[in-house]
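Please take these sequences and the hints and turn them into a complete structure.
No gaps in the numbering here: position 610 of the sequence shown is 610 in UniProt numbering, and each next residue is one more.
Hints are computed from structural coordinates only; laboratory data are not their basis.
Built from N, CA and C at the ideal position, the CB exists for glycine as well.
Just to be clear, a hint being listed does not mean it is correct.
Claimed, not checked - Keeping only pairs whose Cα atoms sit at most 25 Å apart, straight-line, the calculated SDA-like set for lysine to any residue is:
id, residue 1, residue 2
1, 424, 360
2, 309, 198
3, 430, 415
4, 354, 271
Unchecked claim - Here are the computed distance ranges between Cβ atoms for each label pair:
id, residue 1, residue 2, range
5, 455, 322, 35 to 41 Å
6, 322, 55, 53 to 59 Å
7, 189, 311, 24 to 30 Å
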Amino acid sequence: MTEAPSSGKSSARLGSSGTAGVRVPQEPSLKVGVVLDERVDFLREQAFCVLRVKTDKWNRFIGAEENQKIILDFLDHIWTNRLSLLISGAFNAVESIPTVFSSVKTAPPWKTKILCVIKRGVKRVSREEFKHQLRLGEVPGYPMEHLPLVISEVLTSVLSNGLNHEDWPRVVSEDIHRHLEKLRSKVVTLRGRAEGRTLLPLPLMLCVFLSSLSPTGWPVDRSLLYSIETLIIQWSGQIWSVLQKDSGMMLQGGDCPVPSAELHFWSTQRENLRGIQAQIQSPKVQKIMDILKRVESSYFYSFLDVCHKADDIDLYLRPLRRMISNLEERSFPHTEDLLHPLYHTLCLIWSHSKCYCTPQRMVVLLQEFCNLIIEKAFAYLIPEELFKMELEEGVERVQITISVLQTFKQLFHTYRQKVPQYYKYSHLVKLWDFPASLVFQRTDRIMGRLHMIEVSLDFLKLEKVELGGSRGKVLKILTRGWERFLIWLSNTSKTSSPPSRFASYKLFLLQWWVWHFLPHFILFHMKLLKIFGTLLDRPRIHQLFSPNYNVVLVLFCEEIDQCQFILEQHKDQVRPDMIQFIICSYSEIGHYKYISVAVWHSHLGEKHAFSGWKS
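What follows is the structure in structure tokens.
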């Protein structure tokens, strides 16, 4: 922050790099008060010098009445004490930012320099003494990078100079040094967090510390020893917070991360730990590290172990990057082809890595793969449109999703038994002895809901069913059943959430079906089986409907016997020239009937063999 120049010579010096000191012609549309105001002209010259603003841009800026009002309010009123001029990266134009003195506001982010103009006190800026009443300063585009330098090179130099506080008490000087050290440490730590890494702040008086250290023993000065111990404790806290990080924290927090998050975590962890190690191994810190070795600090060796662990894990997880990329890019119905290589790679990682062969880490990685497959399944199903698309397409999508999830779970149990085969050169075999429920807890819930959705899509076939006869008209069972189904379908929850009225509706439909099944002919039975045949896979429906299998078989045999009787009755009426044709037709019809009965009989789930049936 510099004071405004008090003479024309100084003003010309500030503007030597640009157009400062040279009056630039203004546009005739500008207000006369702004054009003739020497204070505004002075701000323009400083903007040309500091911000390298061109004349046309300044004229466009000052030509706006809003900007004129802001500048004049800053100069002529007492409720503002700071004016900021910046170049916006989006529009490459000058903007002004007024700040009220009594309030605290957060300035918007910027990427270029800012020219700050601050009053000396909260008062009006006169036209005669404005150069003495204004302070000018530059703020860089990335203040977080420059703030530690300002503190260490400017504030430290000023406050550590004994000539600046000769008359101060020693206690005050030491207290200022301590507060300055804390401020610098916080700024360095904050900068590291903003950049996603850990920065260890070095003490401001490091040279004094190192020169005071004895090569054979501890420092004699207790204040120096206290400063070193405080520094070590601060570093230990920072590094310990890094060591405590684990990739399973996101799962514990309720999130559903994918495997790429696991790889990114360990890659970032490795780079962070390597950065800390590089800072510790720098020549300036070696004497401080010698103290840790001298006292046999447990932190020093544990830190080396964790660095080795991060290197090992990052090395063996790298092959998964390509597999994760292929899984993300491959369409969901074709992901089953990638599951075998995936489990093979996981088994290799488990058998070769010395630090990743723990149940905790493998469970986290498998859970993240489950989350990835579930995300792709939801993107493939489109839950919002599942009940709106064509019935056959919806059923097919649900069945494919269930098949992929079941394959992923079955392969887990398959490769779980093959883990000992991957230990070819080691006698110590570690098994996947963790419960499968820890891995597939969310997957099992999703699969259960998908099974319910599959059945509900089968229920949509009822939309095309019409009941005739007196029973259908009087009882209106189907209408009430359809109304119940619509109530269940209009549930505002997601399609992946379990319905509450599903079981009662299923039993209601089953009772109606059995009641209508008995007193009709075989053709009516076949129609019912065509409509409701998919529901026979349900255990409770199969149990209640199984007594009707014999009824259907008896009716079917009676129908066949009747057809045989009709055929024998008309045999005598056949002419000789039609014998060959009838024999061929009779054989083809017989084969067709046999195939129809076999398919229908296998659909019912019975295992009777029509050994007496001949074509």
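Hint check results:
1. 424 with 360: Holds - the C-alpha atoms of residue 360 and residue 424 are around 24 Å apart, at most 25 Å.
2. 309 with 198: Holds: residue 309 and residue 198 sit about 18 Å apart, inside 25 Å.
3. 430 with 415: holds (13 Å)
4. 354 with 271: holds (20 Å)
5. 455 with 322: 35 to 41 Å: holds (39 Å)
6. 322 with 55: 53 to 59 Å: holds (56 Å)
7. 189 with 311: 24 to 30 Å: holds (25 Å)
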